[in-house]
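2 protein chains.
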Amino acid sequence: MPAPKEFLDYVDDQADAFIQRLSEAVSIKSVSGDAAYRPDVFKMSDWVAKQFRAVGVEIQQVEIGNHVMDGHKLELPKVVLGRLGNDPRKKTVLVYGHFDVQPANLSDGWSTEPFTLSVQPNGQLVGRGSSDDKGPILGWLNTLQYHYENKKELPVNLRCCFEGMEENGSEGLDELVERESKPGGWFDGVDCVCISDNYWLNTRTPVLTYGLRGITYYKLNVSGPSRDLHSGVFGRTVHEPMTDLIKLMSTLVDVNGKILIPGIDDMVGIADEEERKLYEALDYSVQDVEASAGAPIALSSDKVEVLMGRMRMPSLSLHGIEGAFYGPGAKTVIPAKVSGKFSIRLVPPQTPNNILPLVKAHVESEFAKLGSKNKFELEELHGGKPWVTKIDHWNFQAARAATKAVYNKDPDMTREGGSIPVTLTFAEALGVNVLLLPMGRGDDGAHSTNEKLDRSNFIEGTKLLGTYLYEVGAIAGK
Amino acid sequence: MPAPKEFLDYVDDQADAFIQRLSEAVSIKSVSGDAAYRPDVFKMSDWVAKQFRAVGVEIQQVEIGNHVMDGHKLELPKVVLGRLGNDPRKKTVLVYGHFDVQPANLSDGWSTEPFTLSVQPNGQLVGRGSSDDKGPILGWLNTLQYHYENKKELPVNLRCCFEGMEENGSEGLDELVERESKPGGWFDGVDCVCISDNYWLNTRTPVLTYGLRGITYYKLNVSGPSRDLHSGVFGRTVHEPMTDLIKLMSTLVDVNGKILIPGIDDMVGIADEEERKLYEALDYSVQDVEASAGAPIALSSDKVEVLMGRMRMPSLSLHGIEGAFYGPGAKTVIPAKVSGKFSIRLVPPQTPNNILPLVKAHVESEFAKLGSKNKFELEELHGGKPWVTKIDHWNFQAARAATKAVYNKDPDMTREGGSIPVTLTFAEALGVNVLLLPMGRGDDGAHSTNEKLDRSNFIEGTKLLGTYLYEVGAIAGK
Ligand SMILES: [Zn+2]
Ligand SMILES: [Zn+2]
Ligand SMILES: [Zn+2]
Ligand SMILES: [Zn+2]
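Chains A and B, in that order, give the protein sequences. Going by UniProt numbering, the first sequence opens with residue 1, and the numbers climb by one from there. Going by UniProt numbering, the second sequence opens with residue 1, and the numbers climb by one from there.
The hints are simulated quantities; they were obtained by calculation from the structure and are not laboratory data. As the structure is a computational prediction, the values presented were derived from the model and not from experiment. For each residue, glycine too, the CB sits at the ideal point set by N, CA and C. Please note that the accuracy of each hint is not assured.
List time: in silico BS3-like cross-link candidates among lysine-lysine, alpha-carbon distance up to 27 Å [what the hints assert, rightly or not]:
id	chain 1	residue 1	chain 2	residue 2
1	B	337	B	369
2	A	219	B	409
3	A	369	B	258
4	B	90	A	258
5	A	258	B	29
6	B	337	A	337
7	A	375	B	404
8	B	152	A	331
9	B	331	A	331
10	B	277	B	360
11	B	73	A	331
12	B	375	A	258
13	A	303	B	360
14	A	331	B	29
15	B	90	A	219
16	B	152	B	90
17	B	373	A	258
18	B	277	A	331
19	B	409	A	373
20	A	337	B	73
21	A	373	B	360
22	B	390	B	373
23	B	409	A	331
24	A	331	B	258
25	A	369	B	152
26	A	369	A	152
27	A	29	B	331
28	A	375	B	258
29	A	258	B	50
30	B	331	A	73
31	B	219	A	337
The calculated label-pair distances, taken between Cβ atoms and stated as ranges, are [unchecked claim]:
id	chain 1	residue 1	chain 2	residue 2	range
32	B	71	A	15	30 to 40 Å
33	B	428	A	34	48 to 58 Å
34	A	294	B	382	23 to 33 Å
35	B	71	A	270	30 to 40 Å
36	B	68	A	105	28 to 38 Å
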């Protein structure tokens, strides 16, 4: 059951009004990571609540407590919960989005005022939050407006969860999701989840995303002298913590990305021909990766290897050293205590818990081999599990059919290299299938300067979200 | 010819007055590395000039131009040049000291106000600059006062060079020394140099120092992507500059201090039994090194190895990384451009110039081996040559005899692991023997909190400097 032609026509007719409303949303500086903008995030929560109420959605704005940021105790922005429809014959779809944004200043290098949506001649809608994640939230709103104004019933029951702290760790959200997923909770009865908060691989082909990597973050602490030492007086008389740490860090990963900690890469099976074909089929080239990185530095000229490196393999990155000299110029001190930071992106069946003993055994054995008299300890900072779901689920079938209907193309089926922790929270709390259905393109620059959403992605994307609901509805009716 | 008994008695008699004068010197906050204190450094130059004039020394305060510090254009403190005696039958001795000091604040952890000399019950004179280097300058002044008040002729012709920028790179001094060393210059006719600006190895045994290590400082620059990358999106798809840099840095030095860059350690011959005996004879133990470092981390339990590591071998220390994450917490970025900093302390015949090709060949070959697509370059930041002089020179014989006379002990003959660049400047500009004759002890804490000079080191040290002049005078008379 594709979406009715009236809906698609309505979206085209209203395009300019929809863009005008996106411009209003962008003008609210809902930066969650800066205490000074917290009132704007509150304002944004109210704005979203009001907009969805205006199209017939029952709304609850939920207080989720306080937190401390930059030394200030701050109230967390209210989560906007929405509810529309309770027909037991229909599927119940939960949609998620976030109305907070990354910081942005003209002086960072924006070509236009970041909080004033600028409609470019090439169709780009430039402004902070246009793509991440106000555009997608408005995609749902646009769809609901058609049904409200035209007194059409939605093909599904809808539940909404829009938060204002995503760019700052989604503080307070996990507890709310777990609470509302219980019997009698706001999300009780949800059959599937749809999150629109990631991107196409490229600028051409729509995407459905079925996996995310997890992460685990470590500190290697090496300490020796009781204070920083003069390298003239102590050089070649004592064990230097930096020398030990650099040796240790050099045993973690090779230049080609292979993880040298025994057992970690081995947890992931080798891709067979069939699985390789999934990556071969993606509309993404090594040149796309290099264009995105800004330099010809891909680990391989084999597209499948590069894409699997991002999507189906763990990765280990060395981030830096705390306690050593880091400024410009030439300081000659021997640092007394240094901490090397690295993280591992995880894929199933890896979890922070099952990776830790491997990391610990390796670094402790490597440190022992050094024979240094300095002290060493491994510290685990934080972590999150990876997520991969089944793409043959009806939720994905509906999204695939909707993509085909709107874009006349099969979507690329992707896994993301990064994390969207709320995905796993929904999957585990509700026990239902979760789909990531992005609206924007790979070059939207979500956390960069000149963030944009293409007009066609906003308008066709609105059609995609609406059509997806019709496809889910059709499945329920089968 | 030992010093006259009257001189030694005079120093004992005047001890309290000398300490009172040291207290006056310490109270002038002549911090050269902080623009806010520049007027105090000027005041200190005037104070030194006035004091030496008062004991009959001809004084010239020399302007040496401007420099830029912390964004301020500042006048450099005037160098105080002194002249006393022109008897062609006498040796002419040039003495050097510096009247500027390191920064100090009570809040750094001082037990007493740093710029108020505090006389402790155990005889320690605690205050910034007491040992580095106001005490030694006053040692010369005390000696001259005896001769002036008692109308005694000095056994040598004296030249003084006291500067106010030593703690900030001795800016402007090299040019002055080179100018004044020419025929007709202030230092024309100088037969030897005596610098009192270092320390005993321990708290027990006086020292003559005949060598200093040089230094050469490098940056290893590795760059790849055009901007910092998200480690979720790019981990295991591109060559990461940090991975390459850590590998490179791990090839420079081993955990036991051996330099792994081919050819560098080899430039220094193996110590034969006779040379080892020089180090064996020093009154310094592995326990002393470890007490000073604050932890049991000496590279060897063999005292000779440890002392040679500091004094007669080059050393390589890894200082840190510019461009990587260095703060507390857990940032997951892949840095786009990182610079590893390291320095090598040099011993003869090593110089920054003859070491550079070895370092360059090594790091370029190691980087090539990695097979990374990132870009690499070696950058040389700054350097200074090492200095070692002959200890059988009459200048050292005089100092040895003076030490024996005052302390009733043979001095330890040491080389320092660090640098005092002006030493080499004097040696090269004048072509005469330079002696380092320290006044303070190894635990004076020159650049730390609670800097002190022991009362006995100040008073016996004054006798030592005076007696040294008599011993030089005796040699001239032979
Ligand atoms: Zn987002
Ligand atoms: Zn975001
Ligand atoms: Zn000094
Ligand atoms: Zn100093």
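Given hint residue 331 of chain A paired with residue 409 of chain B - CA-CA distance at most 27 Å: violated, 38 Å
Is residue 373 of chain A close enough to residue 360 of chain B, meaning Cα to Cα at most 27 Å? violated, 31 Å
Going straight from one Cα to the other, do residue 331 of chain A and residue 29 of chain B come out at no more than 27 Å? holds, 24 Å
So if I understand the rule, the pair passes when the alpha-carbon distance is 27 Å or less; does residue 29 of chain A with residue 331 of chain B pass? With a Cα-Cα distance of about 24 Å, the restraint between residue 29 of chain A and residue 331 of chain B holds, given a limit of 27 Å.
Agreement of residue 375 of chain A and residue 404 of chain B with the hint, judged by alpha carbon distance not exceeding 27 Å: Cα-Cα ~43 Å, so violated.
Quick one, are residue 258 of chain A and residue 50 of chain B close enough, alpha carbons at most 27 Å? violated, 70 Å
Is residue 373 of chain B within 27 Å of residue 258 of chain A, Cα to Cα? This hinted pair holds, its Cα atoms lying about 16 Å apart.
What's the verdict on residue 331 of chain B and residue 73 of chain A, does the C-alpha distance respect the 27 Å limit or exceed it? Holds, because 23 Å separates the two Cα atoms, which is no more than 27 Å.
Holds or violated: are the alpha carbons of residue 369 of chain A and residue 152 of chain A at most 27 Å from each other? It is violated: about 72 Å lies between the C-alpha atoms, which goes past 27 Å.
Assess, step by step, whether the Cα of residue 337 of chain B is no farther than 27 Å from the Cα of residue 369 of chain B, and give holds or violated. holds, 20 Å
Would you mind confirming whether the straight-line C-alpha gap from residue 337 of chain B to residue 337 of chain A stays at or under 27 Å? holds, 24 Å
Need the status of pair residue 152 of chain B, residue 331 of chain A: alpha-carbon distance at most 27 Å? violated, 48 Å
Hints 2, 4, 5, 7, 8, 10, 13, 15, 18, 19, 20, 21, 22, 23, 25, 26, 29, 32 and 35 from the earlier list are contradicted by this structure; the remaining hints agree with it.
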